[in-house]
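Asker: Given chain W, work out where chain L should sit, using these hints.
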Amino acid sequence: MSATFLLDGRAIPFSEGQTILQAAVAAGAYIPHLCFHPDFKPHGSCKVCTVKVGGRQSASCTTAAAAGAVVESDTPAINAERLALVQMLFVEGNHFCPSCEKSGDCKLQATACDLGMVSPHFDHFFPDRPVDASHPDLLLDFNRCILCSLCVRASRDVDGKNAFALAGRGLRTRLIVNSRTGRLVDSDVSAGDRAVHVCPVGVILPKRRGFSVPLGRRVFDLKPISAVADASAQIEER
Amino acid sequence: MTPDPAEAAATAMARHRHDPHELLQVLREVQESCGWITPEAIDCIQARLGLPRSKILGVATFYSFLHINPCGRYRILFSDNITDRMLGNQVLLDRMCRNLWIERGKVSEDGLVSVDSTSCTGLCDQGPAILVNGIAITRLSEARVDEICDLVREQIPVGDWPAEFFRVDENIHRRDVLLGTPWLPGAALQAAMARGTEALIGEMKASRLRGRGGAGFPAGLKWQACRDAPGKARYLVCNADEGEPGNFKDRVLLATAADAVIEGMTLGALATGAWRGFIYLRGEYRFLLGHLEGVLERRRAAGLLGESILGREGFDFDVAIHVGAGAYVCGEESALIESLEGKRGTPRNRPPYPVTHGYLGQPTVVNNVETFASSCLVALKGGAWYADIGTRESSGTKLLCVSGDCARPGIYEYPFGVEVRQVLEDCGARKTKAVQVSGPSGACVPAAEFGRRIGFEDLPTAGALMVFDESRDMFQVARNFVHFFAHESCGFCTPCRVGTSLLTQMMDKLANGHGSPYDFAEIEKMNLILQSMSHCGLGHSACNPVLTTIAKFRPAYLRRLAHEEFEPAFDLDRALGAARQMTGRDDPAAHVLPEEAT
Numbered sequence: 003m004s005a006t007f008l009l010d011g012r013a014i015p016f017s018e019g020q021t022i023l024q025a026a027v028a029a030g031a032y033i034p035h036l037c038f039h040p041d042f043k044p045h046g047s048c049k050v051c052t053v054k055v056g057g058r059q060s061a062s063c064t065t066a067a068a069a070g071a072v073v074e075s076d077t078p079a080i081n082a083e084r085l086a087l088v089q090m091l092f093v094e095g096n097h098f099c100p101s102c103e104k105s106g107d108c109k110l111q112a113t114a115c116d117l118g119m120v121s122p123h124f125d126h127f128f129p130d131r132p133v134d135a136s137h138p139d140l141l142l143d144f145n146r147c148i149l150c151s152l153c154v155r156a157s158r159d160v161d162g163k164n165a166f167a168l169a170g171r172g173l174r175t176r177l178i179v180n181s182r183t184g185r186l187v188d189s190d191v192s193a194g195d196r197a198v199h200v201c202p203v204g205v206i207l208p209k210r211r212g213f214s215v216p217l218g219r220r221v222f223d224l225k226p227i228s229a230v231a232d233a234s235a236q237i238e239e240r
Numbered sequence: 010m011t012p013d014p015a016e017a018a019a020t021a022m023a024r025h026r027h028d029p030h031e032l033l034q035v036l037r038e039v040q041e042s043c044g045w046i047t048p049e050a051i052d053c054i055q056a057r058l059g060l061p062r063s064k065i066l067g068v069a070t071f072y073s074f075l076h077i078n079p080c081g082r083y084r085i086l087f088s089d090n091i092t093d094r095m096l097g098n099q100v101l102l103d104r105m106c107r108n109l110w111i112e113r114g115k116v117s118e119d120g121l122v123s124v125d126s127t128s129c130t131g132l133c134d135q136g137p138a139i140l141v142n143g144i145a146i147t148r149l150s151e152a153r154v155d156e157i158c159d160l161v162r163e164q165i166p167v168g169d170w171p172a173e174f175f176r177v178d179e180n181i182h183r184r185d186v187l188l189g190t191p192w193l194p195g196a197a198l199q200a201a202m203a204r205g206t207e208a209l210i211g212e213m214k215a216s217r218l219r220g221r222g223g224a225g226f227p228a229g230l231k232w233q234a235c236r237d238a239p240g241k242a243r244y245l246v247c248n249a250d251e252g253e254p255g256n257f258k259d260r261v262l263l264a265t266a267a268d269a270v271i272e273g274m275t276l277g278a279l280a281t282g283a284w285r286g287f288i289y290l291r292g293e294y295r296f297l298l299g300h301l302e303g304v305l306e307r308r309r310a311a312g313l314l315g316e317s318i319l320g321r322e323g324f325d326f327d328v329a330i331h332v333g334a335g336a337y338v339c340g341e342e343s344a345l346i347e348s349l350e351g352k353r354g355t356p357r358n359r360p361p362y363p364v365t366h367g368y369l370g371q372p373t374v375v376n377n378v379e380t381f382a383s384s385c386l387v388a389l390k391g392g393a394w395y396a397d398i399g400t401r402e403s404s405g406t407k408l409l410c411v412s413g414d415c416a417r418p419g420i421y422e423y424p425f426g427v428e429v430r431q432v433l434e435d436c437g438a439r440k441t442k443a444v445q446v447s448g449p450s451g452a453c454v455p456a457a458e459f460g461r462r463i464g465f466e467d468l469p470t471a472g473a474l475m476v477f478d479e480s481r482d483m484f485q486v487a488r489n490f491v492h493f494f495a496h497e498s499c500g501f502c503t504p505c506r507v508g509t510s511l512l513t514q515m516m517d518k519l520a521n522g523h524g525s526p527y528d529f530a531e532i533e534k535m536n537l538i539l540q541s542m543s544h545c546g547l548g549h550s551a552c553n554p555v556l557t558t559i560a561k562f563r564p565a566y567l568r569r570l571a572h573e574e575f576e577p578a579f580d581l582d583r584a585l586g587a588a589r590q591m592t593g594r595d596d597p598a599a600h601v602l603p604e605e606a607t
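Just so you know, the sequences run in chain order W and L.
Each residue of the first sequence is one higher than the one before, starting from 3 at the first, in my numbering.
Each residue of the second sequence is one higher than the one before, starting from 10 at the first, in my numbering.
Only chain W is shown next, with the shape it has when bound in the complex (with noise of 0.2 Å):
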């Protein structure tokens, strides 16, 4: 018999230790989120999946579920609040969602259109990051990079290489690669990892395989990423 929160509304099982959004993902329900993954160690840095217990707002991914919490997630308040922290991911990076190939697959851009983003709303930051081509399998695009460190955790609890790490702080915070050059193609890093399948986003790209499913039949093409919950497996067999 296990316990319950209410979720908008409706009844969450969880079991104990579980956060709210760890219990809800379980359960199929959706609260948007970009930094978490079920399979990984909540981190807690995006705060897109936060939500709003006993009157106070708190990140749902390292929140403890607690029986009988009443969780609001899905309101207006909160998904225009929301709906901001996207768009500062936005103006932050360098993002071409058009001619990207992760287009359709992208978290950030499901999310965005699911929170009705039209616009990038705040200046854009335009930083200079030079993306890597050095290795032979493997792209890496810090463009796009939303510092949710998921191949950092990826690379190190899964395949045990350490591959990535964060560098640098605030506003000059960035992926760093686990090599003596800094390049992709020095670390040990190869394209049956973990680390390079689990990026929300499209900064870690297998080469040549840009196009194999076409943009429009895509995992974010053909449902909106709330009515898919989690779509990582999906997207990371790909």
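Check the hints yourself; a few may be wrong.
Said to hold, decoys possible - In the DSSO-like style, the derived pairs of lysine-lysine whose C-alpha atoms are separated by at most 27 Å in a straight line are:
(1) L:Lys352 to W:Lys163
(2) L:Lys352 to W:Lys43
(3) W:Lys209 to W:Lys163
(4) L:Lys534 to W:Lys54
(5) L:Lys440 to L:Lys561
These aren't lab readings, by the way, just hints derived from the structure by calculation.
The structure displayed is predicted, hence computed values, not measured ones.
Answerer: Just chain L now, with coordinates in the frame of chain W:
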């Protein structure tokens, strides 16, 4: 000559017992020997400590004072708090760059020197201040700038510069029970041991002593919670990462009453059963390291630290000093613990709290320097005596760090409950327009509210009290603070990382004369997002200075509004500035005239 980087790294690692948790200390010491953290040093650390290179780089690039690229044999950083600005630091910085023929923020072509700015260095009472290779220099003047430029050009080692440059005064102008009590090493500890451990916690609770870092959590409860938490070992941390602009009381306490601070920590160890303590000293106070090491050594020799303290079998406790490397966010206790563990100083997800899961996941007490010092008074004179001072919610005294427009900047100790007006009178402030209490994240108090009182009931503060007279522009004060938060955001969470930068853009837009009421609405919206979605207090309070100054000093903003509805930030003529600089042209034809722009 600069030592071999690999050798420097090997020495530093040996000094820290090849403990990967000491990574930050190792990196800092390599930088001190070599001037920067070279790839060879990183090779050596990677091999010996078994850490991934990316992790070492992640840590090294998090802290402002660490460099993984050559950054000049003389690294000069101007403290850039609003009080330094009021004392003319910008003119002096420009003068130094001109003298040395260098561009701000860039290393000279011969690799000799770099000049840039940094956040407040905790010397607001004797600014403008700078750091040269990490060591503080006070009271900068045009003459001193010129002298420094000569010393740099002649390549005189910083250690041989005139001692007067490095003089740091205490500037204590009012003493009460804390600064007025002569500290006999061991007296408080003896009193506490005579009373018994249980009674010590009882006295602490009875004293109602609240944490002096600003948040005000009852110290006795924290000690008890740590003692009662299950764990293999317990730790005590003295938070001397005093980064709040305008604050400098910890600097003065550590310089004049280090014995009381360390004895307070030892009391904490007695109460909680901690076996090890750390003083996390902010990098800007590097100059205090030798002094503090000396006090620790003396106390060890006197049997007040180490094994069997004061002869009591099993009472073992010692203190190590960790020096920070320029990251304000490490003042947040969980970020501080991450940093102590040799990581990037990112605040943790809470709960759990440090008191149950702190350093290395063990129960840990983190208290402010002043809290530990004050606990000695409680041990010496009893909880009831202490609780009698101050007010109901705020017992005891508070050290206020007064800076800005006044005749006598410095430290003032008052019982809690003192009116702002009284402080202004005592420090010789005239025609005061406003005071900023507790730094950028605190409250801006206009003249009409000078009857308000310092204390948790009304104006809580970590200690800073910056005074602004009628000549000051409160908009620029808020703008300086907003830039500070953007610079110091750790970058972990989206709202703070991006939001604080967007906020600086908004304030700069107003400063550039492109503001409209639309921007007020945008600032208000940003405030709501930062408040409700940020990971820690830095993001929560980043909008405070803007909102309070808009509320209390609206004319300073209205003056800057170019349009009554909306005005774009983009300015074609300004955008061409880079092109003008590259072509060396600045004649009228190289500018877009207003009518052309439209």
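Asker: If you check each hint against the structure, which ones fail?
Answerer: none
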